[in-house]
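**Student:** Chains as they are written, first to last, in my numbering: chain A, 1 to 306; chain B, 1001 to 1306; chain C, 2001 to 2306; chain D, 3001 to 3306; chain E, 4001 to 4306; chain F, 5001 to 5306.
Among the clues, some could well be false.
Unchecked claim - Between beta-carbon pairs, the in silico distance windows are: (1) Ser2253(C) / Glu1228(B): 53 to 59 Å; (2) Gly2084(C) / Ala3036(D): 56 to 62 Å; (3) Ala5252(F) / His4130(E): 40 to 46 Å; (4) Pro127(A) / Arg4235(E): 39 to 45 Å; (5) Ser3253(D) / Gly2084(C): 23 to 29 Å; (6) Pro1049(B) / Pro3012(D): 38 to 44 Å; (7) Gly2239(C) / Gly76(A): 52 to 58 Å; (8) Gly2084(C) / Ala36(A): 24 to 30 Å.
Claimed, not checked - Calculated Cβ distances over 12 Å to all of chain E for the following chain B residues: (9) Ala1075; (10) Thr1083; (11) Arg1120; (12) Glu1232.
What the hints assert, rightly or not - Mimicking DMTMM-like on lysine to aspartate or glutamate, the simulated pairs with C-alpha atoms at most 25 Å apart in a straight line are: (13) Lys138(A) / Asp1282(B); (14) Lys4138(E) / Glu5079(F); (15) Lys2170(C) / Asp3278(D); (16) Lys1138(B) / Glu79(A); (17) Lys1170(B) / Glu1209(B); (18) Lys4138(E) / Asp4263(E); (19) Lys5138(F) / Asp4278(E); (20) Lys3138(D) / Asp2278(C); (21) Lys5138(F) / Glu4079(E); (22) Lys1138(B) / Asp278(A); (23) Lys5138(F) / Glu4284(E); (24) Lys138(A) / Glu1284(B); (25) Lys4170(E) / Asp5282(F); (26) Lys1138(B) / Glu1011(B); (27) Lys4170(E) / Glu4232(E); (28) Lys1138(B) / Glu284(A); (29) Lys170(A) / Asp223(A).
The set of hints was computed from the structure by calculation and includes no laboratory data. Every residue gets a Cβ at the ideal spot worked out from N, C-alpha and C, and that includes glycine.
Number of protein chains: 6
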Amino acid sequence: MTAPLPRIAYEPLVHAALLEDLGIAGDVTSEATIPAGTQARASLVSRAPGVLAGLDAALLAFTLLDPGVAIETFAGDGERVETGSRIATIAGDARALLGAERTALNLLSHASGIATATARYVGALPPGSHCTIAETRKTLPGLRALEKYAVRAGGGANHRLRLDDAILIKDNHVAIAGGVAPALDAARLRAGHLMKVEIEVDSLQQLEEVLAHPGGADAILLDNFSLEHLAEAVRRIGGRAIAEASGGITLASIAAIAATGVDVISIGALTHSTIALDIGLDVEMGGIGGPSRPDLRVTPVTLAGE
Amino acid sequence: MTAPLPRIAYEPLVHAALLEDLGIAGDVTSEATIPAGTQARASLVSRAPGVLAGLDAALLAFTLLDPGVAIETFAGDGERVETGSRIATIAGDARALLGAERTALNLLSHASGIATATARYVGALPPGSHCTIAETRKTLPGLRALEKYAVRAGGGANHRLRLDDAILIKDNHVAIAGGVAPALDAARLRAGHLMKVEIEVDSLQQLEEVLAHPGGADAILLDNFSLEHLAEAVRRIGGRAIAEASGGITLASIAAIAATGVDVISIGALTHSTIALDIGLDVEMGGIGGPSRPDLRVTPVTLAGE
Amino acid sequence: MTAPLPRIAYEPLVHAALLEDLGIAGDVTSEATIPAGTQARASLVSRAPGVLAGLDAALLAFTLLDPGVAIETFAGDGERVETGSRIATIAGDARALLGAERTALNLLSHASGIATATARYVGALPPGSHCTIAETRKTLPGLRALEKYAVRAGGGANHRLRLDDAILIKDNHVAIAGGVAPALDAARLRAGHLMKVEIEVDSLQQLEEVLAHPGGADAILLDNFSLEHLAEAVRRIGGRAIAEASGGITLASIAAIAATGVDVISIGALTHSTIALDIGLDVEMGGIGGPSRPDLRVTPVTLAGE
Amino acid sequence: MTAPLPRIAYEPLVHAALLEDLGIAGDVTSEATIPAGTQARASLVSRAPGVLAGLDAALLAFTLLDPGVAIETFAGDGERVETGSRIATIAGDARALLGAERTALNLLSHASGIATATARYVGALPPGSHCTIAETRKTLPGLRALEKYAVRAGGGANHRLRLDDAILIKDNHVAIAGGVAPALDAARLRAGHLMKVEIEVDSLQQLEEVLAHPGGADAILLDNFSLEHLAEAVRRIGGRAIAEASGGITLASIAAIAATGVDVISIGALTHSTIALDIGLDVEMGGIGGPSRPDLRVTPVTLAGE
Amino acid sequence: MTAPLPRIAYEPLVHAALLEDLGIAGDVTSEATIPAGTQARASLVSRAPGVLAGLDAALLAFTLLDPGVAIETFAGDGERVETGSRIATIAGDARALLGAERTALNLLSHASGIATATARYVGALPPGSHCTIAETRKTLPGLRALEKYAVRAGGGANHRLRLDDAILIKDNHVAIAGGVAPALDAARLRAGHLMKVEIEVDSLQQLEEVLAHPGGADAILLDNFSLEHLAEAVRRIGGRAIAEASGGITLASIAAIAATGVDVISIGALTHSTIALDIGLDVEMGGIGGPSRPDLRVTPVTLAGE
Amino acid sequence: MTAPLPRIAYEPLVHAALLEDLGIAGDVTSEATIPAGTQARASLVSRAPGVLAGLDAALLAFTLLDPGVAIETFAGDGERVETGSRIATIAGDARALLGAERTALNLLSHASGIATATARYVGALPPGSHCTIAETRKTLPGLRALEKYAVRAGGGANHRLRLDDAILIKDNHVAIAGGVAPALDAARLRAGHLMKVEIEVDSLQQLEEVLAHPGGADAILLDNFSLEHLAEAVRRIGGRAIAEASGGITLASIAAIAATGVDVISIGALTHSTIALDIGLDVEMGGIGGPSRPDLRVTPVTLAGE
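Assemble the whole structure, with the sequences as input and the hints as a guide.
**Tutor:** Structure (structure tokens):
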């Protein structure tokens, strides 16, 4: 599966999210109603089917509030869960468990929502399709690393990570540069030997201009093409560049689009309109006790990247 | 309308979002294809009907890349836009405009998506209803200030901002504290004189325990009550506490729920499953020119909080 | 007692304070005069009677410079110490102990100074008084979380934590809003269902305006009232709102003020003019030795929130 | 006078202090009660005699919330103010003025409290005394730059800024190093050619050891010496090193201590037990108006370091 | 030329560098010896021939200490300067000029040192060579953006910016993966459609394995090949992949290496062993005067990215 | 030897350097080609003779990516290594080892390059010389603490750490102050009792002015003096101040300069034009295995400052 993010990559986000929720006086409700030292056990449980992502980050929220917490996991990022699946069990200080609950769930349900949607699109591809599903740069501020990771966890492949790792010439660039040819020339000149060049076209005619260019492009983004035009474009490209389809893709249309032979289908909604996966924290009441109830302790596991 | 956030509140987020997208080498595509000093004019245009939020933050993205940018706005946060509405026009360095485009749109379409959803729920309330719509703490990490603001822009009212500004006793707290009465006692003891106490109940029976308590609660969260039970609960509370309904609220059910007389309806999906409002940046090609085309300059306005 | 702050809440402050003192080359004096690997034992000792606060943060300073340090505590936040009381013993690298000394003492003596003053005011209340002592927002920049916590450790209750968690209408707000009634109307409109509204009045006449308002206020701040007027105000309020007295409160006057029946007395000097509690670090010379003197090791305890 | 701190030195502190107070939703009271766009004029007014420090930082709080604010100053850091002295007038957005008020006053009254205390000690020196007053490293976490600056504004001179800019050998260092001579030897070896070496002694006998050392010390800290011993110590040092007195200095004793001939008197209480200078913000009600009342604008001045 | 970095990309570095030098009390020398308000004019002057880079960042150091500074530039990044060339003239507060001097020069002379070395290698290429010069990831911590930019300013092209924007399979990866073929297979699987794959080979035999692989590689790094083997490798690759030479390149050998036909030559020393370009700040004594000497003001220019 | 920096001093730099290299998706090459859980052993090996510095920081890079890493060290900062010397062996997760490799090497080879150059200059001093070698403030932005430490590790002594810990009057200060005497007067007035004053002179005549001044200077910087003038200057100073030589020092000239009797020789090139010490990471192929190969584990050591 996709490799976990290193802890130093997501710890600042979890740290900031916790402090955003705790404010300066902390979880006053738990402080008031839970005696100091109370131990509890709680489980992350999925309330809907989906694919997990962000579990390490979510579990870190508990660890940051109670470094002595014991964690046992029953599923991992990229794995499918069903309604009622137990994902992980956490045992530790009851105040810490409830204080970190919302932060953990917000991270986990958002990333898992992205992974779940990605997996749904991947699952809708025709059997044997070589096509990959990619997100876009329509991510939420500060969350790009987590969201791009969640797409990978869901079986997708990442598009550009940011503006500086690939060239993607869009209509405005073409217009300002004075046409497809000068835009491609300028792009090749700027790109280092490890940077790819993609260009967006919105008609077969414009595609011809790209294909006629000596240097060509590494990839061609076929924006809002009809199914017929997509198929024709793939035929004309003939493997000389990667063919990417984008624009208004839905679960209903994706199989047909993939059937045109495009290599990549990119979908902005994966990250800009995410439906959170419903995951809850069930506190196991039998598991609540005084400070030294060793029977509560689950087998500790090491967080990825820790 | 709701007051704008001060610039110091959202500038770090916009700054971080820009750097997240620019990486260390910046927008190589615009650098390659757009001659240095090229001026352009572009407009934020809504591609769907909705309610705006986050415009100041979005415009700041352009200003941070080109401090000399001129901005004219045609709509503001909390205002309704239609498909095709021009929201703002920005004139300045063409590379800066395209380099900041995605960051600006990501901020604006997310916050406006929240405001739009909130306004839709508010609009579905029965005429004359005194009921308010509130979000929850199910916000995305690092985005809570912006998201809670977007709810206000959409006509909602904020629930707790974080764990330390109100007490909200949930089922686990009641269980650990040993019942409704000891939980409420402990809460009152901890709350300062400016902190409210709310308690979640999941049955009329549990509601009775709250009402029977001498100190009572400032607000009572009726979790997943049927319409009948909601109405009965409101009747029993009799104005002695604020009645809040939550759990599985939809646009279809909200009018009926409000009709039961509850004071507040809280909806997690407003922030955990936001559908972005579709907003684009139209570069006006006639508006592109060399460094000193003063005819491109629009009347500058001051950003809120600047 | 009051719950400890989570470590993530105070660690950045301790970290910054250490670096502020260490500069870029560190404790050159200890580096020069103490052989590498020297172990030592030292005790935090109170040189005056008082109430502790901030011990976790102070001890963290030692831990951050020598993670292998062993700590034994003899008193905790909220507890009374006398002249000569041993608060904690720290054993570890001698350079680390002396390098962290001033940072630890600065944190501990400041927070304990606030707790001590708070406890003195609380102790001066008439026996059986229901009145609580609160600080204000007159805290030092960057230290609010620690200072508000210290007030709780001293037996006080917190006033507003910041500008966004309660509404407090002051004279200027009333004047600009056009009177008590419009100000209260506007406040209620803005406050969510979990936000309280307090209003400051400076005369019995203005108090009448508040009491005559249909929505009223959750709390009323009686600013600089004479004892007679305080008593009369409490009588007129009649339990319909919380009565808070403020303005020029001293240890000499507090009993009489509490006797008027007010619910809260707020005192700015608790945090704006703190007298540090005199606490020192006694290095036990017998306890100094080479790198591997296990007899120096005290029983390690876990830092709260670690 | 002492040079102002550059803005980049204090801006992060002011920024953090403002956000600490504004939380994520800002000044809800002013938002509710003050119509958008309302302009106002307010003056910082001293309510007690003292010496100013931190004015630039305080004024920056207003500027950060309303960059269009106009400021006129009538006094500056290091200058004496009397009860009722107008320090500065600020005209701008009324919400910004009230939102920044507490942050500005907290900074200004704390720093001015330090400057005032310093000036009081300086003023108590015998006429013609060459003695200087210095603070210690007993400063509050995060505030050292501001507090050390305030001492300079009050007419004092700074002791060590931090652990790395001078060597100060204390009793524990002497003990671990094995005596005065090896400690001084080690210190000279470590000190670069621009780093001074001071040593603390607690008896005339120990002073002799220092004076007998070939390299000697640049300064000698006479800790808790009686007046007689101070005078004798100064006589024995005979100008070969700077003589510093410390320990239990009060306003009552300082003249006599200075009369012994010591060069420096250091006082921890200047910064660890600061009494805030009482300064308030008077909103001039006549000065409140709609958005475009140009008569409200005062002559703008440039902030130091801006 | 290469596009300037946006100010938000380098401002944090300049800010941190200034604070690193100013400490908490600032430039005490200038404070002591230069009367407040003194104006001066100074010029950045090259003391050796070279190519500039980092001028915007260097000038920002002056602007951050005196926002009213006036700046006139006579050369820009990527331009050649000779011994004695005036690069820019800065007029403003004399204390600010001297306080920012070292920070500005440290930034400018380091980046220009890299640009100068790059230009020297580029200049040593045979006339008409299509070969490009690239740096490596052997950059200094925190300075990568500036250093990679300096390489572009010197006429080079960037290699990978970081670990996540291209795949570069080295010997250890091949060994662990079990050979060239499985390593290339795994790489293609992981790479998104916009990520290139390069593989390092250290013999013609290993090159054959790469060329025999169906997917091949986008680029091949010929590590420490002799001139003969380089030429043979280029012949065998035959344009099917980009050929990169690396390992022990010197100014003496670069022409011969380029003559083998490789496309890219990468040189670690460009950034890991930079010789600073000698640049000084000449204060023009005639240009020193009181606060209001308008004749000192030069024509202000706008900083790139401001 | 020189004391190690505390971990809190260098951890932020290592953290930032790692994230700078990992980007948001991490080391995609290792992720693709190395199976999850693969363990490996690797050694830092010097490829040239030199003196080490920065080893703790370099090793921390591995620890931050795999906290379970085991480290054994064979040399330490300040120690000499030869070509082929094994410096440390690290065993742990193979992906983490390769992901942290470049960050670790960049830190170690840069700091060791500085230490090596310093040691070379120190070694070139005449036998028995009392002269010390110092760097200047010509350090790279953000790296001053590490670079000044590396000079100490190489046997040098630090010059000023920053602008606020000593006064160094240069030619421009003298000119603006109106001469040597007023400059020295002003400096003494500003300097606290623990701050030294140095003055730069560029002729014997100017030296006379300094020596004629009643207060004199603690140190005198003889800038660009000929050997004859240096010797004459040392004679005239006669031990009344520290004599520092600077300007165009080379390995060839340093012995003669030291022979003139100066106390300090300062060399900007130590830090502004550092030649990295060539150090590599050798992955021991026999040491690669599955997740649980305990034979790979070396004896763990504790990082300094951890």
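**Student:** For which of the previously enumerated hints does the structure constitute a violation, in increasing order of number?
**Tutor:** none
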